[in-house]
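**Student:** Listed below are the residues making up each chain.
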Amino acid sequence: MSSTDQAKGSRAFYSNVRSSLQETEKVNRRDMLGLFMPMIRDAAVNEFGGFEELRRHVKNIKQHSLDNLYHYLSQFVEEAKSNGNHVHFAQDSSEMNSIVLDICQQHDARRVIKGKSMVTEETHLLPHLQSAGLEVVETDLGEYIIQQAGESPSHIVGPALHKSVDEIRELFMRKHQLGERELEGPAEMVAEARTVLREHFLKADVGIIGSNALIAESGYSMLVTNEGNGDLCANLPKVLIICTTMDRVVPRANDAMALLRLLVRSATGQPVTCYTSFYSGPRQGEDTDGPIETHIVLLDNKRSDILDSDYREMLQCIRCAACLNHCPIYIGAGGHAYGSVYMGPMGSVLTPLLTSLEESNALPNACTACGRCAEVCPASIPLPDLLRDLRHDETRAKLSPTRWRVGMKIHAWLLSHPWLYHKLTALGIPALGWLGRKKGSFKSLVLANGWTDERDFPAPQGRTFMQQYQSQRDDNEDAG
Amino acid sequence: MITKTQDSAQSDLLGKLRRVGGNASAEQIGAELNRLGQTPVPLLPAQELCEAFLINVLKNQGTVACAPDRSEAVKCVAKYLHERFHTRKIVAGNDPRLAAMPWRDGGVLPRFGAAEQEFSSPPTPASLSYARLGVAETGSIVTFTGKSNPAANNLLVEDHLVLLDVADLVANLDDAWQRINAAMEEEGRPRGINFISGPSSTGDIDAQLVMGAHGPRAWHVILMGDVPDEALDNARSFIEQRLNQL
Numbered sequence: 001m002s003s004t005d006q007a008k009g010s011r012a013f014y015s016n017v018r019s020s021l022q023e024t025e026k027v028n029r030r031d032m033l034g035l036f037m038p039m040i041r042d043a044a045v046n047e048f049g050g051f052e053e054l055r056r057h058v059k060n061i062k063q064h065s066l067d068n069l070y071h072y073l074s075q076f077v078e079e080a081k082s083n084g085n086h087v088h089f090a091q092d093s094s095e096m097n098s099i100v101l102d103i104c105q106q107h108d109a110r111r112v113i114k115g116k117s118m119v120t121e122e123t124h125l126l127p128h129l130q131s132a133g134l135e136v137v138e139t140d141l142g143e144y145i146i147q148q149a150g151e152s153p154s155h156i157v158g159p160a161l162h163k164s165v166d167e168i169r170e171l172f173m174r175k176h177q178l179g180e181r182e183l184e185g186p187a188e189m190v191a192e193a194r195t196v197l198r199e200h201f202l203k204a205d206v207g208i209i210g211s212n213a214l215i216a217e218s219g220y221s222m223l224v225t226n227e228g229n230g231d232l233c234a235n236l237p238k239v240l241i242i243c244t245t246m247d248r249v250v251p252r253a254n255d256a257m258a259l260l261r262l263l264v265r266s267a268t269g270q271p272v273t274c275y276t277s278f279y280s281g282p283r284q285g286e287d288t289d290g291p292i293e294t295h296i297v298l299l300d301n302k303r304s305d306i307l308d309s310d311y312r313e314m315l316q317c318i319r320c321a322a323c324l325n326h327c328p329i330y331i332g333a334g335g336h337a338y339g340s341v342y343m344g345p346m347g348s349v350l351t352p353l354l355t356s357l358e359e360s361n362a363l364p365n366a367c368t369a370c371g372r373c374a375e376v377c378p379a380s381i382p383l384p385d386l387l388r389d390l391r392h393d394e395t396r397a398k399l400s401p402t403r404w405r406v407g408m409k410i411h412a413w414l415l416s417h418p419w420l421y422h423k424l425t426a427l428g429i430p431a432l433g434w435l436g437r438k439k440g441s442f443k444s445l446v447l448a449n450g451w452t453d454e455r456d457f458p459a460p461q462g463r464t465f466m467q468q469y470q471s472q473r474d475d476n477e478d479a480g
Numbered sequence: 001m002i003t004k005t006q007d008s009a010q011s012d013l014l015g016k017l018r019r020v021g022g023n024a025s026a027e028q029i030g031a032e033l034n035r036l037g038q039t040p041v042p043l044l045p046a047q048e049l050c051e052a053f054l055i056n057v058l059k060n061q062g063t064v065a066c067a068p069d070r071s072e073a074v075k076c077v078a079k080y081l082h083e084r085f086h087t088r089k090i091v092a093g094n095d096p097r098l099a100a101m102p103w104r105d106g107g108v109l110p111r112f113g114a115a116e117q118e119f120s121s122p123p124t125p126a127s128l129s130y131a132r133l134g135v136a137e138t139g140s141i142v143t144f145t146g147k148s149n150p151a152a153n154n155l156l157v158e159d160h161l162v163l164l165d166v167a168d169l170v171a172n173l174d175d176a177w178q179r180i181n182a183a184m185e186e187e188g189r190p191r192g193i194n195f196i197s198g199p200s201s202t203g204d205i206d207a208q209l210v211m212g213a214h215g216p217r218a219w220h221v222i223l224m225g226d227v228p229d230e231a232l233d234n235a236r237s238f239i240e241q242r243l244n245q246l
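First to last, the sequence lines map onto chains A and B. For the first sequence, our numbering gives the first residue as 1, with consecutive numbering after it. For the second sequence, our numbering gives the first residue as 1, with consecutive numbering after it.
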């Protein structure tokens, strides 16, 4: 089952997971990703020395920027305008899409090239422009592959990592004029995409990119890529549109550098990407190239609400995907199962906040509370805490199944009466042990069929933990 | 139309941000920011700056050469062009420092301007940039956009060659920005500031690293000036040892 067949929306999470776990080859690819990405990230972090200190520093800078966002965003807008940019504000996705389409239409644009931008994925900009008759081409290789395949990204940094070499070869065979060429391995496929995309770069009327940081003191926008496709989008067409959000604002260039050091190591294990560029605005004075007109579109889409909520820390996210690469649920389920633009732990927090908990309440439950995401998050976002808080909101809003909520209520009541809990377990556990004494396990068990549907439940052996703990403590006291 | 709507959209959002927490004065905010201190910087792979820079360029999949003066640098360019393309031709930006290079010493034939941008023509094999800065921390070179650095020369050629003066080499990204800010004070803000740290690359197919995604397939840095004799050899053996460890 391909991602396009999977039901849209995160409500379908559970059924999507069941399907994605059936795809053995993809499961193996994800397992490799879950081993390989943490390894290269760890190597880069260790080589840095004082990474924790850097992490603390960037957290302080991001919190300071968010605490004073009015000041820094105003400063950025003022500087960006004085650099010659047109600055636009979009309250929601449809506003951003309309603003971008208006700009394209004002320039009679027909061809648009796009760099990688999660914000434009969030607003579904591409289909909006296409439906107005524009030819829009994704130029990041991963994004290009999934655009050709008619899919959505499965990972926020490596959008096509779910596809095998064979699948991509077959895709290019179908979509490109290859003649006798066979495209042996990745190098030949990259060369093929390079040739096809070069023509798009050279003929485009408008370039659209995202931003990794907006520098308040100077109005520059930072762009981080390895392929150089974003820079081609930013330099060749006559019009440049930067689609971004206000939480990208940092005070100074040095703060963007601190963020860069964290971002790249956390995302790809490199100390820096091949191209790190800063763009201020349109061409000027003696410039012989560059866009004649530049626009910066700032999307809110509930971010100002998040800033004013208990989930403010989520705005510290720098979109590195370290939490995805370290999450057992993401690695198990895959990005498409989430049914949303953002996936993994950061997506499970962000999606309900950007849409609604009613639509996305499955996602905060996609968590084993193992805590690895919080350990590696370069922006020090307490992701497991935020996921727990969202589950709490879910329970309070009565969005989870009644049976589950009643069960949790009984469980909570029992746990708040420890003497009764100990008494019941001291009676129940030996009884269960006695019932299962012959086979040593249960094939099915009342109230635990969620467990026994998948595997046997082992019959308890001996006494409960608390009984053993109590008797050891008594022994120790006697010995003392 | 857009302008009026945009003005109200801007004031709506900024008004909301102000209500959420926009009470501190610019002075208070500045003082608080200063209290957050300096950014921690990473360890360099060698104490000597040239050596550290060369190591990091090699780690970034670049190639390197060292030249004691400009005449030798031209010879390095000639050697590279011959080995890679059997040519003497190269495209260079309209940079006075490039114009003043002793091209005849190496028999190099530069064309000043931008690389080929017509899809129907074959791509330009090689271009040459004169870097403003080099950064040891990341093995990066820095250029400003403008007629001295047409974007096509950085991005649309097969191989990108870069000259860097040892005097323009700084230890880390923060030092680089100190120099960039000083240059901007004098010259104004350039349209673009480019940190280039290797040939264009991608890992988007099967997580395998491939050079030449959209831009240059190869990146060659020539470090000019008083480079310690052993710096290049040390850098190469550092990389060799690292490869042996893998």
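Accuracy of the hints is not assured; some may be wrong.
To be verified - Straight-line Cα separation of at most 25 Å, SDA-like style, residue types lysine to any residue; simulated pairs:
1) B/Lys59 <-> A/Thr288
2) A/Lys203 <-> B/Gln178
3) B/Lys147 <-> A/Gly185
4) A/Lys238 <-> B/Lys147
5) A/Lys59 <-> B/Asp175
6) B/Lys89 <-> B/Glu72
7) B/Lys59 <-> A/Phe51
8) A/Lys238 <-> B/Ser8
9) A/Lys203 <-> B/Val41
10) A/Lys59 <-> B/Gln178
11) B/Lys59 <-> A/Arg252
12) A/Lys59 <-> B/Asn23
13) A/Lys26 <-> B/Leu209
14) B/Lys16 <-> A/Lys238
15) B/Lys147 <-> A/Thr288
16) A/Lys26 <-> B/Gln178
17) B/Lys16 <-> A/Gly185
18) B/Lys59 <-> A/Val45
19) A/Lys81 <-> B/Gly30
20) A/Lys59 <-> B/Arg217
21) A/Lys302 <-> B/Ser8
22) A/Lys203 <-> B/Pro40
23) A/Lys59 <-> B/Pro40
24) A/Lys59 <-> B/Thr87
Said to hold, decoys possible - According to the in silico footprint, chain A covers these stretches of chain B (three or more CB under 8 Å from chain A):
25) 25–34
26) 79–85
27) 132–143
28) 158–166
29) 175–186
30) 220–228
31) 234–244
These aren't lab readings, by the way, just hints derived from the structure by calculation. All figures in this text were calculated on a predicted structure; none of them were measured in a lab. All C-beta atoms in this analysis are idealised placements derived from N, C-alpha and C, irrespective of residue type, glycine included.
**Student:** The structure should be examined with respect to each hint, and the outcome stated for every one.
**Tutor:** Do the hints match the structure? See the list:
The hinted pair formed by lysine 59 of chain B and threonine 288 of chain A fails the criterion: a straight-line CA distance of about 33 Å is larger than 25 Å. A threshold of 25 Å between alpha carbons decides the hint, and for lysine 203 of chain A with glutamine 178 of chain B the separation of about 38 Å lies outside it, so the pair is violated. With a CA separation close to 39 Å, the supplied pair lysine 147 of chain B and glycine 185 of chain A exceeds the 25 Å bound. Straight-line distance between C-alpha atoms of lysine 238 of chain A and lysine 147 of chain B comes to about 17 Å, which keeps the hinted pair within the 25 Å bound.
With a C-alpha separation of about 22 Å, the suggested pairing of lysine 59 of chain A with aspartate 175 of chain B holds against the 25 Å cut-off. With a C-alpha separation of about 17 Å, the suggested pair lysine 89 of chain B and glutamate 72 of chain B falls inside the 25 Å cut-off, and the hint holds. Between lysine 59 of chain B and phenylalanine 51 of chain A the CA atoms are separated by roughly 20 Å; this keeps the pair inside 25 Å, and the hint holds. For the suggested pair lysine 238 of chain A and serine 8 of chain B, the alpha carbons sit about 28 Å apart, so the restraint of at most 25 Å is broken.
As the CA atoms of lysine 203 of chain A and valine 41 of chain B are separated by approximately 42 Å, the hinted pair breaks the 25 Å bound. For the hint linking lysine 59 of chain A to glutamine 178 of chain B, the alpha-carbon distance of about 23 Å falls within 25 Å, and the restraint holds. With a C-alpha separation of about 28 Å, the suggested pairing of lysine 59 of chain B with arginine 252 of chain A is violated against the 25 Å cut-off. As the CA atoms of lysine 59 of chain A and asparagine 23 of chain B are separated by approximately 21 Å, the hinted pair is consistent with the 25 Å bound.
For the hint linking lysine 26 of chain A to leucine 209 of chain B, the alpha-carbon distance of about 20 Å falls within 25 Å, and the restraint holds. About 34 Å separates the Cα atoms of lysine 16 of chain B and lysine 238 of chain A, which puts this hinted pair outside 25 Å; it is violated. Taken as a hint, the lysine 147 of chain B and threonine 288 of chain A pair is honoured in the structure, with Cα atoms around 5 Å apart against an allowance of 25 Å. Under the criterion of a C-alpha separation no larger than 25 Å, the hint pairing lysine 26 of chain A with glutamine 178 of chain B is inconsistent with the structure, at around 47 Å.
The hinted pair formed by lysine 16 of chain B and glycine 185 of chain A fails the criterion: a straight-line CA distance of about 52 Å is larger than 25 Å. Proximity of lysine 59 of chain B to valine 45 of chain A is assessed by CA-CA distance (about 16 Å); at most 25 Å being required, the pair is judged to hold. Taking the CA atoms of lysine 81 of chain A and glycine 30 of chain B, the gap is near 22 Å; set against the 25 Å cutoff, the hint holds. Proposed proximity of lysine 59 of chain A and arginine 217 of chain B is contradicted: the alpha carbons are some 36 Å apart, above 25 Å.
Distance restraint check for lysine 302 of chain A and serine 8 of chain B: the Cα-Cα separation of roughly 17 Å lies within the 25 Å cut-off, and the hinted pair is therefore satisfied. The straight-line distance between the Cα atoms of lysine 203 of chain A and proline 40 of chain B is roughly 43 Å, outside the 25 Å bound, and the hint therefore fails. This hinted pair checks out: lysine 59 of chain A and proline 40 of chain B have alpha carbons roughly 13 Å apart, not beyond 25 Å. A threshold of 25 Å between alpha carbons decides the hint, and for lysine 59 of chain A with threonine 87 of chain B the separation of about 51 Å lies outside it, so the pair is violated.
Note: the segment 25–34 of chain B has 4 residues with beta-carbon separation from chain A under 8 Å; the three-residue rule is met and the coverage holds. Restraint check on the segment 79–85 of chain B versus chain A: 0 residues with Cβ-Cβ distances below 8 Å, three needed, restraint violated. Note: the segment 132–143 of chain B has 4 residues with beta-carbon separation from chain A under 8 Å; the three-residue rule is met and the coverage holds. Three residues within the 8 Å Cβ limit are the bar, and the segment 158–166 of chain B against chain A gives 0, so the coverage statement is violated.
Residues of the segment 175–186 of chain B lying with their CB closer than 8 Å to a CB of chain A number 4, which satisfies the three-residue condition for coverage. Counting residues of the segment 220–228 of chain B whose beta carbon lies closer than 8 Å to any beta carbon of chain A gives 0, which falls below the threshold of three, so the coverage claim is violated. Restraint check on the segment 234–244 of chain B versus chain A: 0 residues with Cβ-Cβ distances below 8 Å, three needed, restraint violated.
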